[in-house]
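Trainee: Chains A and B, in that order, are what the protein sequence lines are. Counted the way our numbering counts, the first sequence spans residues 1 to 341. Counted the way our numbering counts, the second sequence spans residues 1 to 303.
For the record, the hints were derived by calculation from the structure and aren't laboratory data. Every residue gets a Cβ at the ideal spot worked out from N, C-alpha and C, and that includes glycine. It is possible that some hints are incorrect.
[What the hints assert, rightly or not] Interface residues of chain B toward chain A, partial, derived using beta-carbon atoms under 7 Å: (1) Arg10; (2) Leu44; (3) Thr45; (4) Tyr49; (5) Gly50; (6) Phe71; (7) Gly73; (8) Thr74; (9) Asn146; (10) Thr171; (11) Gly251; (12) Gly265.
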Amino acid sequence: MKRTLTALAFLAATTSLAQAEGVLNLYNWGNYTGPDLLAKFEAETGIKVTVTDYDSNDTALAKIEAGGHGFDLVVPSTNYVPIFVQKGLAVELDMAKLPNHANIAPEWMDVAWDPGRTHSVPWQWGSIGMSVNTAVYTGDINTSAIFLDVPDELKGKINVVPEMTDVVNLAVMYVGGEPCTEDTEVLKKARDVLLAAKPHWISMDYGATEKLANNDWAASVNWNGSSMRARLANDTVAHGYPKEGYPIFMDSVMLLADAQNVEEAYTFMNFIMEPENAAMISAFARYNNGIAGSEAFMPEDMKTAPEVVTPEEHQAAGVFLPTCSPTAQQYMTAIWTELLK
Amino acid sequence: MSPAEQSQRRKSSRNGWLLSAPALSLLFLAASGPLLIVLVYSFLTPGQYGNVIWEFSLDGWVGILFTRDIFDGTMNLADAHLTIFWRSVKLSLMTTALTFALGFPTAWFIATRPPAQRAMWLFLITIPFWTNLLIRTFAINEVIRNEGLMNTVLISLGLISEPIRLINTDTAVFIGMAYVYLPLMVLPLFAAIDRFDMKLLEAGYDLYASRLQVLRHVILPIVKPGIIAGSILVFVPSLGAYVTPRVLGGGKNMMIGNFIELQFGQGRNWPLGAALSMALLLIVMAALLIYVRASTKGSNPHG
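Chain A extracted, bound-state conformation:
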């Protein structure tokens, strides 16, 4: 009997060794994939994951469309998911291979950009708002006026991230419009507000986490996860949720039509929808993940963090940016060019 067991164990060991040849190529945002998550995945499945970074949705889209990239999975934002589907770059998922699909939190299941989650599974979600050093400015921080009608204390000390879609839409919502609007009256107002505010900005740059932490900047238009990381280093930094409306994003994993390692890709997607693993993703980049039950595994400092758990009174102002029409995109680019000329 003992011998049989040993033989079985040996058999199991060799099969897992055989599986160890599996590889997976993940194309994801930079500084977004925790090494401990990949180590755990490799230990459990024997599949070795190679991560390649990108810095914008447009870069990812252009590279994948060009072909010959060798990637299996990509992690586009909400408003790019329909583009990947429409262009036939990502395929419909085989639910039989994703038993953990049921773990997706109900509010993230029937989303406008992918009803029923047939083409994408959640990676992380967050929002863009105002990071403010409350030692410098003590007024209300839950408003886009922080960067569009800059308070005197923050003049020359506030940064704006160079994200065209987010920044223009924050301004559009500030003047009372809808995101991706084609209403030229609204766009004109948004442009004027931006142009008038720009002289008070110190820069339009990334890297807010470090620069808020070391007091180079006193405020920034910023992502909530970055705000939290800045607060952990500098406890006077707080995150404001603009009441006029702020964009919520979710980055979701999609299976590419020309993926070479399809089985491994399914194993990975299923793996990250396990609550414990989803919590590992969050613990690394400090964003929420959209998997029900992952809260229990979250690091203590994230369970109550006001940047991660959106306070009830600010939830209503959050808006998912739709996929803007080419016309709306042209308007935004024109305003952006004018702003940065």
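Given chain A's structure and the hints, the job is docking chain B onto it.
Mentor: Frame of chain A; chain B shown alone:
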């Protein structure tokens, strides 16, 4: 020439071509292939979400100089585009001038050292090339930022009470560019000055020329090829600079490089981006032609 000698010469010329064929074909394919694609793309129609549609259109080229006002629909001169172009050209010219002002005395100093020491000085000049451009730029950023090395030292010495705000200004970009491109100016200048015959200086003084006259009428005309080579080496990459303005300038004002990137990224207008790239190439070619004409005119002995 005997027939044997002729065939020998033909053979060696053929061998020369054969030997250089790999390098030539690599240069040809690597340089003209992508350029042709860019050229073709500049005449196409932008796709809905990036990329292009294969329909001929001149909009990319028209878009360099003219934009349709999004609010009243009229075609206007694109002053935003011109502002961006002018900023790049101005900054490149200023960088060239500053690197020359700093580089000429440096090159002169090195060329007038004893031969044994020159190698060491030249070696020192090339040290910055050991490090990646991005890292050097971030190093400057670390030195000049508000809470950086320069300001902390000056404040602790009591020389200033408020930090000098240099980071994210045009001055910061200017300093950064001059720092990055200085070696490219010094090296060709050194090569030219190194060949300069110092006896000519004495001859000039013997003929009662003042120091300034010697500089203007003896030194500068002879080292002119070095000045031209250095200026081209600095001006051309400055024009397309992308990293330095982005890191040190704080991204508030675009340069041509950043503007082209916008078209291929969030702007989703690849034909305009391609047309802008070609326009940049034309500006560079025009600058080169002016230089070449100026240099051939100067080297003709007159009288």
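Trainee: Indicate, hint by hint, whether the structure satisfies it.
Mentor: Taking the hints in turn, this is what the structure says about them:
{"no.": "1", "hint": "Arg10", "in the structure": "44 Å, violated"}
{"no.": "2", "hint": "Leu44", "in the structure": "15 Å, violated"}
{"no.": "3", "hint": "Thr45", "in the structure": "11 Å, violated"}
{"no.": "4", "hint": "Tyr49", "in the structure": "5 Å, holds"}
{"no.": "5", "hint": "Gly50", "in the structure": "6 Å, holds"}
{"no.": "6", "hint": "Phe71", "in the structure": "5 Å, holds"}
{"no.": "7", "hint": "Gly73", "in the structure": "9 Å, violated"}
{"no.": "8", "hint": "Thr74", "in the structure": "13 Å, violated"}
{"no.": "9", "hint": "Asn146", "in the structure": "6 Å, holds"}
{"no.": "10", "hint": "Thr171", "in the structure": "14 Å, violated"}
{"no.": "11", "hint": "Gly251", "in the structure": "4 Å, holds"}
{"no.": "12", "hint": "Gly265", "in the structure": "4 Å, holds"}
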